[in-house]
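Those protein sequences? They're chains P and R, same order as listed. Just so you know, we're using our numbering here: the first sequence kicks off at 5 and counts up by one. Just so you know, we're using our numbering here: the second sequence kicks off at -4 and counts up by one.
It should be emphasised that the hints constitute simulated quantities derived from the structure, not laboratory data. Each hint should be verified, as a subset may be incorrect.
Unchecked claim - Taking lysine to aspartate or glutamate pairs in the DMTMM-like style, the calculated list, with each CA pair at most 20 Å apart, reads:
id: 1; chain 1: P; residue 1: K102; chain 2: R; residue 2: E39
id: 2; chain 1: P; residue 1: K102; chain 2: R; residue 2: D94
id: 3; chain 1: P; residue 1: K46; chain 2: R; residue 2: E6
id: 4; chain 1: R; residue 1: K63; chain 2: R; residue 2: E39
id: 5; chain 1: P; residue 1: K114; chain 2: P; residue 2: D43
id: 6; chain 1: P; residue 1: K6; chain 2: P; residue 2: E110
id: 7; chain 1: P; residue 1: K102; chain 2: R; residue 2: D52
id: 8; chain 1: P; residue 1: K49; chain 2: R; residue 2: D94
id: 9; chain 1: P; residue 1: K6; chain 2: R; residue 2: D51
id: 10; chain 1: P; residue 1: K102; chain 2: R; residue 2: D51
id: 11; chain 1: R; residue 1: K73; chain 2: R; residue 2: D52
id: 12; chain 1: P; residue 1: K46; chain 2: R; residue 2: E39
id: 13; chain 1: P; residue 1: K46; chain 2: P; residue 2: E110
id: 14; chain 1: P; residue 1: K6; chain 2: R; residue 2: D52
id: 15; chain 1: P; residue 1: K49; chain 2: P; residue 2: E60
id: 16; chain 1: P; residue 1: K49; chain 2: R; residue 2: E39
id: 17; chain 1: R; residue 1: K73; chain 2: R; residue 2: E39
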Amino acid sequence: RKEVEQDPGPFNVPEGATVAFNCTYSNSASQSFFWYRQDCRKEPKLLMSVYSSGNEDGRFTAQLNRASQYISLLIRDSKLSDSATYLCVVILYNQGGKLIFGQGTELSVKP
Amino acid sequence: DAGVIQSPRHEVTEMGQEVTLRCKPISGHDYLFWYRQTMMRGLELLIYFNNNVPIDDSGMPEDRFSAKMPNASFSTLKIQPSEPRDSAVYFCASMGTGDYGYTFGSGTRLTVV
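Assemble the whole structure, with the sequences as input and the hints as a guide.
The structure is reproduced here in structure tokens:
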């Protein structure tokens, strides 16, 4: 089983739609969580951290459920520019703090 | 700051040749990571360094791969001999102690024919 698993995608949604991505992690020692965004043929870039209480950054909301070991990302009022691959990331502090990436979920927002 | 700088951006080489990928981390960052990305396997951590010392190389696929960090501003990832299955995008990333998340370089797209 992979350490971080994401919805397979791709997600094709119209502009203005609300879309949610889920991610599960297997290592209960995971302590920090992030969402990264990767545009086609570019490097991953940090989108937002995920806090235990949930957090919001504009149209983006991240949630963490430690009991069920899953993380979610909600995008409201999606824009064409949101089209990208979204990567779920966990830090394994019991393995020196390295980041483990999920496979990513591709989002395509259509006009 | 110029960010994490990788070179070359693209590399096409023949099977059996030696390939060297280079990375310059952000000044002051004391962690450096090498990742490989393919469609099949996604982003895989190959090796990472802390203060120029290799900490975890468990992701290095086999002995053909080696990485060095001779000083705080430079690292190399070498593949010798290269094989077609090594074709991938190789990313270098760096992070400072206490920072949140990594900063990635633009990657090296390697094609082994």
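Evaluation of the provided hints:
The suggested pairing of K102 (chain P) with E39 (chain R) holds, with an alpha-carbon distance near 11 Å, which does not exceed 20 Å. Under the criterion of a C-alpha separation no larger than 20 Å, the hint pairing K102 (chain P) with D94 (chain R) is consistent with the structure, at around 13 Å. Our distance criterion of 20 Å between C-alpha atoms is met by K46 (chain P) and E6 (chain R), whose separation comes to about 16 Å. Taking the CA atoms of K63 (chain R) and E39 (chain R), the gap is about 18 Å. The hint holds against a cut of 20 Å.
A threshold of 20 Å between alpha carbons decides the hint, and for K114 (chain P) with D43 (chain P) the separation of about 16 Å falls inside it, so the pair holds. Of the pairs offered as hints, the one joining K6 (chain P) and E110 (chain P) holds, with about 18 Å between alpha carbons and a cut-off of 20 Å not exceeded. A hinted pair counts as satisfied when its Cα atoms are at most 20 Å apart, and K102 (chain P) with D52 (chain R) qualifies at roughly 11 Å. With a C-alpha separation of about 14 Å, the suggested pair K49 (chain P) and D94 (chain R) falls inside the 20 Å cut-off, and the hint holds.
Restraint check: the Cα-Cα separation between K6 (chain P) and D51 (chain R) comes to about 19 Å, which is no more than 20 Å; the hinted pair holds. For the proposed pair K102 (chain P) and D51 (chain R), the alpha carbon gap of about 9 Å is at most 20 Å, so the pair holds. Taking the CA atoms of K73 (chain R) and D52 (chain R), the gap is about 13 Å. The hint holds against a cut of 20 Å. Annotation: proposed proximity of K46 (chain P) to E39 (chain R) holds, straight-line Cα distance about 16 Å (limit 20 Å).
Between K46 (chain P) and E110 (chain P) the CA atoms are separated by roughly 14 Å; this keeps the pair inside 20 Å, and the hint holds. For a cut-off of 20 Å, the pair hint linking K6 (chain P) to D52 (chain R) stands: about 19 Å separates their Cα positions. With a C-alpha separation of about 17 Å, the suggested pair K49 (chain P) and E60 (chain P) falls inside the 20 Å cut-off, and the hint holds. Using a Cα cut-off of 20 Å, the hinted pair K49 (chain P) and E39 (chain R) holds, with the two alpha carbons roughly 16 Å apart.
Distance restraint check for K73 (chain R) and E39 (chain R): the Cα-Cα separation of roughly 16 Å lies within the 20 Å cut-off, and the hinted pair is therefore satisfied.
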